[in-house]
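Generate coordinates for the entire structure from the input sequences, incorporating the hints supplied.
Number of protein chains: 4
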Amino acid sequence: MKSKTLPWIFTASCPSLIGTVDVVTRYMAEAENYIDEIHSFDDRESGLFFIRIEFFPPNDGFSDATFTEKFSSRAAEFDMTWELTAPNHKPKVAIMVSKYDHCLNDLLYRFRTGQLNIDVTVIISNHPDLEELAKWHGIPYYHLPITAETKLEQEAKVRELIEQYDTELVVLARYMQVLSPSMCEYLDGRAINIHHSLLPGFKGARPYHQAWEKGVKMVGATAHYVNNDLDEGPIITQGIQTVNHAHFPEDLVAKGQDIERVTLFNAVKYHVEKRVFLNGKRTVVFGG
Amino acid sequence: MKSKTLPWIFTASCPSLIGTVDVVTRYMAEAENYIDEIHSFDDRESGLFFIRIEFFPPNDGFSDATFTEKFSSRAAEFDMTWELTAPNHKPKVAIMVSKYDHCLNDLLYRFRTGQLNIDVTVIISNHPDLEELAKWHGIPYYHLPITAETKLEQEAKVRELIEQYDTELVVLARYMQVLSPSMCEYLDGRAINIHHSLLPGFKGARPYHQAWEKGVKMVGATAHYVNNDLDEGPIITQGIQTVNHAHFPEDLVAKGQDIERVTLFNAVKYHVEKRVFLNGKRTVVFGG
Amino acid sequence: MKSKTLPWIFTASCPSLIGTVDVVTRYMAEAENYIDEIHSFDDRESGLFFIRIEFFPPNDGFSDATFTEKFSSRAAEFDMTWELTAPNHKPKVAIMVSKYDHCLNDLLYRFRTGQLNIDVTVIISNHPDLEELAKWHGIPYYHLPITAETKLEQEAKVRELIEQYDTELVVLARYMQVLSPSMCEYLDGRAINIHHSLLPGFKGARPYHQAWEKGVKMVGATAHYVNNDLDEGPIITQGIQTVNHAHFPEDLVAKGQDIERVTLFNAVKYHVEKRVFLNGKRTVVFGG
Amino acid sequence: MKSKTLPWIFTASCPSLIGTVDVVTRYMAEAENYIDEIHSFDDRESGLFFIRIEFFPPNDGFSDATFTEKFSSRAAEFDMTWELTAPNHKPKVAIMVSKYDHCLNDLLYRFRTGQLNIDVTVIISNHPDLEELAKWHGIPYYHLPITAETKLEQEAKVRELIEQYDTELVVLARYMQVLSPSMCEYLDGRAINIHHSLLPGFKGARPYHQAWEKGVKMVGATAHYVNNDLDEGPIITQGIQTVNHAHFPEDLVAKGQDIERVTLFNAVKYHVEKRVFLNGKRTVVFGG
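Chains A, B, C and D, in that order, are what the protein sequence lines are.
For what it's worth, UniProt numbering labels the leading residue of the first sequence as 1, then goes sequentially.
For what it's worth, UniProt numbering labels the leading residue of the second sequence as 1, then goes sequentially.
For what it's worth, UniProt numbering labels the leading residue of the third sequence as 1, then goes sequentially.
For what it's worth, UniProt numbering labels the leading residue of the fourth sequence as 1, then goes sequentially.
Note that these hints are calculated values from the structure, not bench results.
Hints may contain errors.
Straight-line C-alpha distance at most 25 Å; calculated DMTMM-like pairs for lysine to aspartate or glutamate [what the hints assert, rightly or not]:
{"no.": "1", "chain 1": "A", "residue 1": "K274", "chain 2": "A", "residue 2": "E168"}
{"no.": "2", "chain 1": "A", "residue 1": "K135", "chain 2": "D", "residue 2": "D129"}
{"no.": "3", "chain 1": "D", "residue 1": "K269", "chain 2": "B", "residue 2": "D43"}
{"no.": "4", "chain 1": "B", "residue 1": "K274", "chain 2": "B", "residue 2": "E132"}
{"no.": "5", "chain 1": "B", "residue 1": "K92", "chain 2": "B", "residue 2": "D60"}
{"no.": "6", "chain 1": "D", "residue 1": "K203", "chain 2": "C", "residue 2": "E232"}
{"no.": "7", "chain 1": "A", "residue 1": "K203", "chain 2": "A", "residue 2": "E185"}
{"no.": "8", "chain 1": "C", "residue 1": "K274", "chain 2": "C", "residue 2": "D119"}
{"no.": "9", "chain 1": "A", "residue 1": "K255", "chain 2": "D", "residue 2": "E37"}
{"no.": "10", "chain 1": "B", "residue 1": "K214", "chain 2": "A", "residue 2": "E232"}
{"no.": "11", "chain 1": "B", "residue 1": "K203", "chain 2": "A", "residue 2": "E213"}
{"no.": "12", "chain 1": "C", "residue 1": "K99", "chain 2": "C", "residue 2": "E69"}
{"no.": "13", "chain 1": "B", "residue 1": "K214", "chain 2": "A", "residue 2": "D229"}
{"no.": "14", "chain 1": "A", "residue 1": "K269", "chain 2": "A", "residue 2": "D64"}
{"no.": "15", "chain 1": "A", "residue 1": "K269", "chain 2": "D", "residue 2": "E250"}
{"no.": "16", "chain 1": "B", "residue 1": "K274", "chain 2": "B", "residue 2": "E232"}
{"no.": "17", "chain 1": "C", "residue 1": "K70", "chain 2": "A", "residue 2": "E30"}
{"no.": "18", "chain 1": "A", "residue 1": "K281", "chain 2": "B", "residue 2": "E250"}
{"no.": "19", "chain 1": "A", "residue 1": "K281", "chain 2": "A", "residue 2": "D119"}
{"no.": "20", "chain 1": "C", "residue 1": "K269", "chain 2": "C", "residue 2": "E232"}
{"no.": "21", "chain 1": "D", "residue 1": "K99", "chain 2": "D", "residue 2": "D129"}
{"no.": "22", "chain 1": "B", "residue 1": "K269", "chain 2": "B", "residue 2": "E163"}
{"no.": "23", "chain 1": "D", "residue 1": "K90", "chain 2": "A", "residue 2": "E250"}
{"no.": "24", "chain 1": "B", "residue 1": "K214", "chain 2": "A", "residue 2": "D43"}
{"no.": "25", "chain 1": "A", "residue 1": "K255", "chain 2": "B", "residue 2": "D119"}
{"no.": "26", "chain 1": "D", "residue 1": "K269", "chain 2": "D", "residue 2": "D166"}
{"no.": "27", "chain 1": "C", "residue 1": "K274", "chain 2": "B", "residue 2": "D258"}
{"no.": "28", "chain 1": "D", "residue 1": "K274", "chain 2": "A", "residue 2": "D64"}
{"no.": "29", "chain 1": "C", "residue 1": "K203", "chain 2": "C", "residue 2": "D229"}
{"no.": "30", "chain 1": "B", "residue 1": "K99", "chain 2": "B", "residue 2": "D119"}
{"no.": "31", "chain 1": "C", "residue 1": "K92", "chain 2": "C", "residue 2": "E168"}
{"no.": "32", "chain 1": "D", "residue 1": "K269", "chain 2": "A", "residue 2": "D251"}
{"no.": "33", "chain 1": "B", "residue 1": "K214", "chain 2": "A", "residue 2": "E185"}
{"no.": "34", "chain 1": "A", "residue 1": "K90", "chain 2": "D", "residue 2": "D258"}
{"no.": "35", "chain 1": "D", "residue 1": "K281", "chain 2": "D", "residue 2": "D43"}
{"no.": "36", "chain 1": "B", "residue 1": "K274", "chain 2": "C", "residue 2": "E250"}
{"no.": "37", "chain 1": "D", "residue 1": "K135", "chain 2": "A", "residue 2": "D129"}
{"no.": "38", "chain 1": "C", "residue 1": "K70", "chain 2": "C", "residue 2": "D119"}
{"no.": "39", "chain 1": "A", "residue 1": "K203", "chain 2": "A", "residue 2": "D166"}
Here it is in structure tokens:
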């Protein structure tokens, strides 16, 4: 059985027009790139087109520069935003946490074992609690305490770290702090948050306690991109777990944590594999 | 392989006290009733105790009257509300519908094939559309149109039918009308509604369209008892279905209908099997 | 909100080669067909390429004949098998049943309400039991009893009916008869069966009883294409349901029926929407 | 909101008879133990009765010895096997592994955070690979290599460790070795194994590769007690994950690992919470 070698990934989006697919696939054929998988979708509501292609370059190799040189002008005709992702690309990821470690532990496990093709370069927390876990994985850990008064100052330091570590993606793995509008804007489209409810139900604080009061029979988690509207960023994926009358709020918390970590992992995986596209307030997720 | 004969069901609830189980099980042993299954639960928050027992009487038969005579005084000591349900008891059910037939069709199928141990005695609708379906199953169908002006008048007729048909349970199988407060009170605890969202998300009208706007990745349905607070009655059970970016609002509606009918069926089944207990604004559901 | 008009569907498969996508999408662009959605997949194990495209023709209409005339020679260069499906195409479906009606009832409901874009033209059974149900839906019902001795003779009559009704797809909705090898061959690739287990576990008869004996905690159903190897045809989709110690074999049967009907519906839907491709003993299912 | 204090747990089983519940609950009432939750089940096939009770002793404390003294003779009349589990009881657990660490990592995380009320006292492996992980958690790790020739010898050493560490439960967290019959007998009823398929489908080696060959659309995992029959011990719980045509065997392995670890965790949790009862070749699992 042949092993699964990783493909190059091409992703693009542009306004809907006849020929949007052709301009891409024709070039791929001319350049003798072998297409392994295509997903395309055209959203008739937003009038936007999205495409994701996995391909293998010819055996004599592949030049990013050549692709760009030859394809750019064609793409420009369609006002197309596009991106190439190399098989060996490991995005640099900063993880932000508070005291809960279930999401961090899961992400680090998958980073360590290669299940997530990422490079966790820095962990930032407003608490010192999870430093040991970071240390064991050999990842620098920064403890930046925060208060209402020092929020902007602390966020400025967070930004510095994000830049110092050349961060491509920020993962809020139960960071538990409401970010300032300027910080949200700074992270727009490149930060994933996990909210511990099936949004839009139970926004805000203590969602499991809210859920218990309502007597729900299911709890959920939502992974979404950060934007300015609290717990309202574009949803990437959601997960649920059934519960019953014998579950107290603390049981809901425990059950929810299992869903949170899987849901956040899935969202990061989809993002890193270039499966997620922003489509206004919603997302397109191919093959998720 | 022995066939599964149906048991008698005993259900009770009362304030939490030592001896609440003993008073029941001791009598069962004395009366030589063979206990097949017990579920009990004590809610430390509400201070209420709930128990459900499946049992088989001795071979020389079982007298409801004797049970009542001998057990009542013991139960009274614990301020216990209790009920016996015979294996051959088929509750008389009235189904209320509008134009959507997916829930009605499912309930009638399960009634017809004996999967639901109920007797559907009457179907009431504010539209004439589903009369054929009712007729094929040999069930009387009443078309009672409704307008804002005639609501109370129409509801009075509905009540008359509910009483005329000696109704034990009313099922709102996508009835699509907001009931008046007095009607809600009249139906309190004996009417089950299906709401087409995972409450408390997306209350009110057109929940699938709301869900689509939010770009959710899951849609759900909630079966609950009717009470005065719109879409806020105690939840019996919930169901979900994953969706994706390629699903338009009408796809969400279609996918949701499959969840609605299963969720409503489950709720009716649990209710009829005496598995559901009201516990303030929440429910206890045994073995659901 | 715009309504979802149905697209034309183009499907094709051929040996894996550079240019297989381009030959299709280039023609689509030239013919001014607007591509709404593409899924393609290249199976490195089998060396086969599969593609499914939803598209909208230009406003001045679409000619099947022109498409064929212009595209055929291009397709031939890639040894491509391809097919066009019109938005208004309703495949003629024959349903075969025995006595169980849960799958039939579900398929007819979805046919009647338009959830399945099919035309159920004939129902064939080895028992008379389900004639009423067929009649209410206005569909001819043929009762063709079968014994070990008359199997081939009966199957010959079934074939005649399949041809007389111009059948495109045969659905074995719990037909409960093992087909003869020649009948299997006759139906190859155009008949879908529902098996009441999660194949390959519990092949053959009384799978729920086998499952109960093993004490499994989940039961399942498998929809697959018919081929010569009993319960071994290429799997289209599968469904499961959790069970527990309190479920007797007859409860497993009841719980399983809910999964069977949904699983069979899904398989028929995927087939009719041209999402399923045979890939040796396995299938490719796009967007299922 | 009151915190959830842990209850005492009483479990018992015996042949089915009238009075089996009463003998327990009457004593509980007399001893002023407050019953929080009961599950009982009577298996009409095996003629066995099972009961699990969560209770809180009176405020002036609880004496194990008194319970035993007073209850034993009553239990003996019903030939009842019974057990008391204290709220502070943490069973000593030995974990056996090979090279895969996904299950070990998950169990250690839940041990470390208190999600599993166990005391992992020793980790035994036939490979040295996972020593670092054990060390970080402060748990002794024994590397006992094994070959066909040294199997019995190695198993003897494993037994010594199991006894030296006073082990109550052995968890085979992907140990990947077929145990000898004598070892199986030694572990009977106190060892849980995780098999990476939905048994009884795909017994034996490389089940994900078998599953891929069959083109299944779901993979699963089964946690079961060890007995002499390879992969045939009584099933405690099972989990599943959907897969599709784009998943290669190695993807199935990765997806399966997520199910394996959750399924194994659930089984260990049910076992430790005394929810699982052996019932011939099957199990009874209360509230799982």
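Given the hinted pair D/K269 and B/D43, is their Cα-Cα distance within 25 Å?
Distance ~22 Å between D/K269 and B/D43 Cα, so the pair holds.
Hint check: A/K203 vs A/D166, CA-CA at most 25 Å. Holds or violated?
violated, 32 Å
Does D/K269 pair with D/D166 here, judged by a C-alpha cut-off of 25 Å?
At roughly 19 Å apart (the allowed maximum being 25 Å), D/D166 and D/K269 satisfy the hint.
Are the Cα positions of D/K203 and C/E232 separated by 25 Å at most?
holds, 17 Å
Taking only the CA atoms, is the gap from B/K274 to C/E250 under or equal to 25 Å?
holds, 20 Å
Is D/K99 close enough to D/D129, meaning Cα to Cα at most 25 Å?
Measuring from Cα to Cα gives roughly 6 Å; hence the hint holds.
With the threshold set at 25 Å, check whether the alpha-carbon distance from B/K92 to B/D60 stays at or below it.
violated, 29 Å
Holds or violated: B/K274 to B/E232, with C-alpha atoms at most 25 Å apart:
Holds - the C-alpha atoms of B/E232 and B/K274 are around 22 Å apart, at most 25 Å.
With a cut-off of 25 Å on the C-alpha distance, tell me whether A/K281 and B/E250 pass.
Holds, at about 19 Å.
Does the alpha-carbon distance linking D/K281 and D/D43 stay inside the 25 Å limit?
holds, 13 Å
Below or equal to 25 Å on CA atoms is what counts here, so check B/K99 against B/D119.
holds, 22 Å
Taking 25 Å as the top limit, are the C-alpha atoms of C/K99 and C/E69 close enough?
Violated - the C-alpha atoms of C/E69 and C/K99 are around 48 Å apart, more than 25 Å.
Going through the hint list in order, the structure does not satisfy hints 4, 5, 12, 19, 25, 28, 38, 39.
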